[in-house]
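Asker: As a plain string of letters, each chain reads:
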Amino acid sequence: MRHLEKFTYRQQAVNMEIKELKHTIEAALLAFDEPLSAKDLLQMFADQEITVTDINQALNALEADYAERSIELKRLARGYRLQTKSSVQHWLQNLQQQKPKKLSRALLETLALIAYRQPITRGEIEDIRGVAVSSKIIHFMMDQDWIRVLGYRDVPGKPAMLGTTKGFLDHFNLTSLQDLPSLAEIKDIETLEQELDFPDQAASENTQQELKDES
Amino acid sequence: MRHLEKFTYRQQAVNMEIKELKHTIEAALLAFDEPLSAKDLLQMFADQEITVTDINQALNALEADYAERSIELKRLARGYRLQTKSSVQHWLQNLQQQKPKKLSRALLETLALIAYRQPITRGEIEDIRGVAVSSKIIHFMMDQDWIRVLGYRDVPGKPAMLGTTKGFLDHFNLTSLQDLPSLAEIKDIETLEQELDFPDQAASENTQQELKDES
Amino acid sequence: MPFAVVEGKPFTQMPTDLYIPPDALEVILEAFEGPLDLLLYLIRRQNLDILNIPIHDITRQYVEYIELMHQLNFELAAEYLVMAAMLAEIKSRMLLPKPASEEEEESDPRAELIRRLQEYERFKQAAEDIDELPRVGRDVFIATVYHDQQQQSDVDIEVDIKDLLMAFKEVMARADLKVSHEIEREVLSVRDRMTLVLDQLMAHKTISFYALFTREEGRQGALVAFLAVLELLKAQTLELVQNAPFGEIYLQAAGS
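So the protein sequences, as listed, match chains A, B and C. Start counting the first sequence at 18; every next residue gets the next number (my numbering). Start counting the second sequence at 18; every next residue gets the next number (my numbering). Start counting the third sequence at 260; every next residue gets the next number (my numbering).
Just so you know, these hints were derived from the structure itself, not from any lab. As the structure is a computational prediction, the values presented were derived from the model and not from experiment. There may be inaccurate statements among the hints.
[Claimed, not checked] Derived lysine to aspartate or glutamate pairs resembling EDC-like cross-links, with alpha carbons at most 20 Å apart:
id, chain 1, residue 1, chain 2, residue 2
1, A, LYS118, C, ASP419
2, A, LYS153, C, ASP407
3, A, LYS153, B, ASP160
4, B, LYS183, C, ASP398
5, A, LYS119, B, ASP160
6, B, LYS119, C, ASP388
7, A, LYS118, B, ASP160
8, C, LYS428, A, GLU34
9, B, LYS118, B, GLU80
10, C, LYS350, C, GLU334
11, B, LYS36, A, ASP57
12, A, LYS183, A, GLU143
13, C, LYS464, C, GLU507
14, B, LYS36, B, ASP50
15, B, LYS116, A, ASP57
[Stated by the list, open to error] Not the full set, but computed from the structure, chain A residues with beta-carbon under 7 Å of chain B:
id, residue
16, HIS40
17, ALA45
18, ASP57
19, MET61
20, SER87
21, LEU90
22, LYS91
23, VAL105
24, LEU112
25, GLN115
26, ALA123
27, GLY147
[Unchecked claim] Listed next, with one range per pair, are the computed distances between beta-carbon atoms:
id, chain 1, residue 1, chain 2, residue 2, range
28, B, GLU143, A, ASP162, 36 to 46 Å
29, A, SER199, C, VAL341, 42 to 52 Å
30, B, LYS116, C, GLY514, 41 to 51 Å
31, C, ASP308, A, LYS153, 47 to 57 Å
32, B, LYS116, C, ASP458, 40 to 50 Å
33, C, VAL341, A, ASP50, 24 to 34 Å
34, A, ASP144, C, ASP458, 37 to 47 Å
35, A, ALA94, B, ASN77, 37 to 47 Å
36, A, HIS107, B, ASN77, 52 to 62 Å
For each residue, glycine too, the CB sits at the ideal point set by N, CA and C.
Put together the whole structure using the sequences plus the hints.
Answerer: Right, dumping it as structure tokens:
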């Protein structure tokens with residue numbers, strides 16, 4: 018990054034070389050999940066004398082770079098996006114199958130609260146958990162068809178009330194919500210856990226493994 | 018992708034060229050959020066005659082490719098990850114919708130204690146910091162998957178023993194806990210006590226003088 | 260190095276004038292992570308050797324600070340007062356004459372304080388070091404490309420009911436609600452019913468109150484349905500409307 022370091026962002030009238038521009042644009046496309054428009058890219062270099070022509074030139078160069086690689090530059094209505102080529106789909110699928118997605122603790126707790134306390138608003142979940150609930154988690158669970166909006170509470174902000182779906186019951190092999198164990202029953206699992214009493218990390222992981230195997 | 022298309026995954030005994038391997042590994046690393054281990058990568062090519070040596074060779078080649086670009090291959094606790102170089106952070110932050118939250122000193126000190134002193138209980142953290150640790154901080158760090166409960170100490174109240182996770186290492190760009198900056202030396206109190214000795218009479222008189230001045 | 264910035268003005272010294280605006284004090288208090296931090300600041304500010312603290316001066320400064328806080332009715336964490344007491348005790352022990360010919364030499368009364376200050380200081384430093392580490396989202400970003408999920412065969416999600424239960428157990432334990440929050444089957448069935456009622460409302464906008472009750476469910480079912488409606492009313496999620504006295508009662512979504 019010799020060229021990049023040569024100037025500070027305060028300096029005007031310094032043109033980045035197309036190569037630097039290309040690498041920086043590539044990094045931006047890789048860093049953000051959403052497609053970036055030419056306008057976004059221009060804004061990134063607001064303090065440089067970079068024109069749309071420069072951006073396009075850099076994008077074309079990038080596209081050429083990717084010709085023999087396994088990712089490609091896609092021009093979408095919303096902007097530019099890098100994506101995997103379909104030719105590697107087979108390999109990625111192999112990997113997908115052996116790496117089942119693990120749900121985060123935040124997601125599990127949120128889902129558990131929705132299951133047991135529905136209808137419940139996001140604010141209520143946050144109150145109980147003591148931390149903000151990310152929209153990403155809510156969207157993921159909606160995409161999985163585990164939760165849905167049951168209605169809106171008539172208080173300022175009209176927060177949505179969330180509840181579980183039939184898809185949730187199916188996923189967890191439940192006939193109805195009443196099949197969910199009561200808190201008292203859950204506490205039994207807790208006692209069981211305490212009896213095992215894990216002295217160190219390795220043992221702790223072991224126990225979790227056992228719990229999984231058991232089910 | 019000529020070479021890749023030449024064979025199907027059913028064919029055995031076909032070796033991918035290192036270049037193809039490199040591009041496929043790159044696509045895999047970019048397609049998944051989580052770091053991929055050498056084992057993951059090997060399994061991805063389970064139906065090919067690919068060895069760990071090949072994988073390493075491909076990874077080294079990738080690393081070399083990135084030398085002048087704005088991304089880098091990082092080896093972390095859980096495996097390999099591609100990330101942007103910090104040298105382009107200046108440009109990327111122009112596009113960052115939400116500025117990253119600054120971590121509070123209370124959180125950082127608590128995290129430091131957990132990282133360096135694990136397994137550690139909340140009470141022990143409070144003893145060293147001299148103030149109560151807020152639950153919010155603990156919950157936030159659990160939510161971020163930076164810390165976890167390693168087990169419970171077998172004393173009254175069964176306090177949870179906290180430790181860091183692999184997620185912590187990933188987030189802070191560390192390969193292992195040994196990469197943490199080293200702790201400052203603590204001066205030996207035993208020797209210190211000998212050196213100090215009791216304040217001699219003169220000093221003591223001094224103090225009494227000061228006391229008089231004060232009143 | 261300023262230890263606080265108040266209204267744009269950096270403070271490099273503890274204010275010495277009598278009147279300090281209360282919000283300035285708040286800034287000062289917030290600048291410290293507890294009594295050890297404050298003490299460390301007082302020591303470092305004067306370039307004093309941590310191993311040889313002039314306990315008299317430090318105690319005086321510390322107590323002055325605490326009193327100032329107190330005068331302004333600033334709610335001070337108890338830890339600050341505990342430290343003040345500890346300092347006073349060390350000071351008084353140091354004033355006592357050295358025991359003449361005791362068999363065992365008493366250790367420096369400051370030793371424990373020095374040990375704690377040193378211990379705290381190294382983690383304070385470690386915290387700053389951790390803050391310097393390149394962090395995802397702040398200094399570096401994970402490089403990802405779009406990967407078509409549609410083409411993937413069914414994504415396996417590793418979660419079973421036990422994970423969910425443990426998560427619920429933990430979150431409830433954490434909520435620290437003193438009130439017993441046993442989830443009884445009955446309660447859950449009310450919640451189940453609440454969901455059902457909301458479902459019907461989504462589909463039909465208004466539903467007859469009486470339509471909620473069916474003969475097959477019996478008394479138990481009626482009670483559950485009734486409790487569900489009460490809960491929903493309480494949560495301000497639905498309204499009861501009646502078009503004429505003694506007329507039929509309808510349920511509708513709140514605010515509709």
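Asker: Now, for every hint given, state plainly whether the structure supports it.
Answerer: A quick look at each hint next to the structure:
1. Straight-line distance between C-alpha atoms of A/LYS118 and C/ASP419 comes to about 12 Å, which keeps the hinted pair within the 20 Å bound.
2. Taken as a hint, the A/LYS153 and C/ASP407 pair is honoured in the structure, with Cα atoms around 18 Å apart against an allowance of 20 Å.
3. The straight-line distance between the Cα atoms of A/LYS153 and B/ASP160 is roughly 14 Å, inside the 20 Å bound, and the hint therefore holds.
4. Between B/LYS183 and C/ASP398 the alpha-carbon distance is near 19 Å, which keeps this suggested pair within the 20 Å criterion.
5. Distance check on the hinted pair: A/LYS119 and B/ASP160 sit about 14 Å apart at the alpha-carbon level, within 20 Å; holds.
6. Our distance criterion of 20 Å between C-alpha atoms is met by B/LYS119 and C/ASP388, whose separation comes to about 14 Å.
7. A hinted pair counts as satisfied when its Cα atoms are at most 20 Å apart, and A/LYS118 with B/ASP160 qualifies at roughly 17 Å.
8. For the hint pairing C/LYS428 with A/GLU34, the CA-to-CA distance comes to about 57 Å; that exceeds 20 Å, so the pair is violated.
9. For a cut-off of 20 Å, the pair hint linking B/LYS118 to B/GLU80 is broken: about 31 Å separates their Cα positions.
10. Distance hint between C/LYS350 and C/GLU334 is unfulfilled; the C-alpha atoms sit about 26 Å from each other, more than 20 Å.
11. Restraint check for B/LYS36 and A/ASP57: the C-alpha separation of about 33 Å exceeds 20 Å, so the hint is violated.
12. Pair hint A/LYS183 plus A/GLU143 does not hold up; C-alpha atoms about 24 Å apart against a cutoff of 20 Å.
13. Between C/LYS464 and C/GLU507, the direct Cα distance comes to roughly 16 Å. Compliance with the 20 Å bound is thereby established for this hinted pair.
14. At roughly 23 Å between alpha-carbon atoms, B/LYS36 and B/ASP50 are farther apart than 20 Å, so this suggested pair is violated.
15. A C-alpha spacing of about 16 Å is found between B/LYS116 and A/ASP57, which places the hinted pair at or below 20 Å, so the restraint holds.
16. For A/HIS40, the suggested interface contact is upheld, since its CB lies about 4 Å from the closest CB of chain B, less than 7 Å.
17. With 7 Å as the threshold, the beta carbon of A/ALA45 comes within range of chain B, its nearest partner Cβ sitting at about 6 Å, so the hint holds.
18. Given hint, A/ASP57 at the interface with chain B, holds; its Cβ is 6 Å from that chain's nearest Cβ, closer than 7 Å.
19. Restraint check, A/MET61 versus chain B: the minimum CB separation of about 5 Å is within 7 Å; hint holds.
20. Hint status for A/SER87 relative to chain B: holds, with the closest Cβ pair at about 4 Å, below 7 Å.
21. Checking A/LEU90 against chain B by beta carbon gives a least distance of about 13 Å; that is not within 7 Å, so the hint is violated.
22. Because the closest C-beta pair between A/LYS91 and chain B is about 14 Å apart, greater than 7 Å, the hint is violated.
23. With a least beta-carbon distance of about 5 Å to chain B, the hint placing A/VAL105 at the interface is held under the 7 Å criterion.
24. Contact between A/LEU112 and chain B, as hinted, is supported at the beta carbon level, the nearest pair being about 5 Å apart and thus within 7 Å.
25. The interface hint given for A/GLN115 holds, since its Cβ lies 5 Å from the closest Cβ of chain B, which is under the 7 Å cut-off.
26. Evaluation of the A/ALA123 hint against chain B yields a held restraint, the C-beta minimum of about 5 Å falling below 7 Å.
27. Residue-level restraint check for A/GLY147 holds (minimum Cβ-Cβ distance to chain B is 5 Å; threshold 7 Å).
28. The hint said 36 to 46 Å for the Cβ distance between B/GLU143 and A/ASP162, and at roughly 44 Å that hint holds.
29. Distance hint check: the CB atoms of A/SER199 and C/VAL341 are about 43 Å apart, consistent with the given range 42 to 52 Å.
30. Hint check: B/LYS116 to C/GLY514, Cβ distance near 36 Å, so the stated range 41 to 51 Å is violated.
31. Between C/ASP308 and A/LYS153 the beta carbon distance is about 51 Å. The supplied range of 47 to 57 Å therefore holds.
32. A hinted range of 40 to 50 Å holds for the C-beta pair B/LYS116 and C/ASP458, which are about 41 Å apart.
33. The hint said 24 to 34 Å for the Cβ distance between C/VAL341 and A/ASP50, and at roughly 49 Å that hint is violated.
34. Between A/ASP144 and C/ASP458 the CB atoms are about 25 Å apart, so this pair departs from the stated range of 37 to 47 Å.
35. The supplied range of 37 to 47 Å is met by A/ALA94 and B/ASN77, whose beta-carbon atoms lie about 39 Å from each other.
36. As the Cβ distance of A/HIS107 to B/ASN77 is approximately 25 Å, the hint placing it in 52 to 62 Å is violated.
Of the numbered hints listed earlier, those contradicted by the structure are 8, 9, 10, 11, 12, 14, 21, 22, 30, 33, 34, 36.
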